[in-house]
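Per the working numbering, the sequence shown starts with residue 47, numbered consecutively.
I should point out that these hints are in silico values taken from the structure, not numbers from a laboratory.
Beta carbons are placed, not taken as given, at the ideal position from N, Cα and C, and that holds for glycine.
You may find that some hints are simply not true.
[What the hints assert, rightly or not] Here are the computed distance ranges between Cβ atoms for each label pair:
{"id": "1", "residue 1": "ALA242", "residue 2": "THR71", "range": "22 to 30 Å"}
{"id": "2", "residue 1": "MET104", "residue 2": "GLU154", "range": "37 to 45 Å"}
{"id": "3", "residue 1": "ASP293", "residue 2": "GLN130", "range": "35 to 43 Å"}
{"id": "4", "residue 1": "PHE299", "residue 2": "GLN130", "range": "16 to 24 Å"}
{"id": "5", "residue 1": "ILE165", "residue 2": "GLN120", "range": "29 to 37 Å"}
{"id": "6", "residue 1": "GLY240", "residue 2": "GLY108", "range": "33 to 41 Å"}
{"id": "7", "residue 1": "GLN239", "residue 2": "GLN130", "range": "23 to 31 Å"}
{"id": "8", "residue 1": "GLY108", "residue 2": "ALA242", "range": "35 to 43 Å"}
{"id": "9", "residue 1": "ALA158", "residue 2": "LEU295", "range": "41 to 49 Å"}
{"id": "10", "residue 1": "THR184", "residue 2": "GLY160", "range": "21 to 29 Å"}
{"id": "11", "residue 1": "GLY160", "residue 2": "GLY187", "range": "34 to 42 Å"}
{"id": "12", "residue 1": "GLU123", "residue 2": "ALA230", "range": "20 to 28 Å"}
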Amino acid sequence: MNSSKVYLAKVYLVGAGPGDPGLLTVKGRDVLQAADCVLYDYLVSEAIVKLARADAEMLFVGKQGGKNCITQEQIHELLVAKAQQHKTIVRLKGGDPFIFGRGGEEAETLAAAGIAFEIVPGVSAGIAAPAYAGIPLTHRGYSSSVAFVTAHENPAKTPDEARWERIATNADTLVFFMGVGRIAQLVEELYAQGRAPNTPVAVIRWGTTPQQEVFVSDLENIAALMNSHDVKPPALIVVGEVVRLRDQLQWFFPSPQTHAATSN
């Protein structure tokens, strides 16, 4: 039920893209430059944040795993509070707001409060990071299906073994978000559901940015490779035969320091 309070503000939930500021959409840029207040995330490029007006109120609400930071509930409260103070608010989120960005929850909060909102989709890291790593998620010769999966489940949810069976076997290519800390468990689940030990795997850290690193191995060896290089978030994990195309299709070389590691 909507609140009886009348809000004159409008909140834009804007996807900032995966990191490369050039991948921000034109509409995202336009509403950002018009905003009176911007609430932005940890993974949003500094170059994109700087597009906001000099007089806009800028609020960092980023969350990093394992660190004390603002809660999702506090972000909800801030969105409602700022809608009482400003006319145009931008909630600037990494990637796409509705792809593992909790944008749906924020939109629910706004709808329940009777606050006008609009979704401005962004380029998801799940698509962009593999592309910058030279890995097409679908390919006529390798993959006709792709699944995007979060490895960071809501702890209140009951474990669902049948879900893992569907994930492991019903898509040719799997893209895992937030899976770095759970790589051993992911491998175990995929093994249990029939994925072969020699299935190719790529881990893409800081995809589309000058800090991009790509680690390529197979299910049997990927955990050891990640441990040996102390791979930390943010990173995506791509599982499937399309990873084999990276050697041929690699095109993005962000800097001489970028480390493309391979385990045989």
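Point to revise | In rising order, the numbers of the hints this structure does not comply with | key: 1, 2, 3, 4, 5, 7, 10, 11, 12
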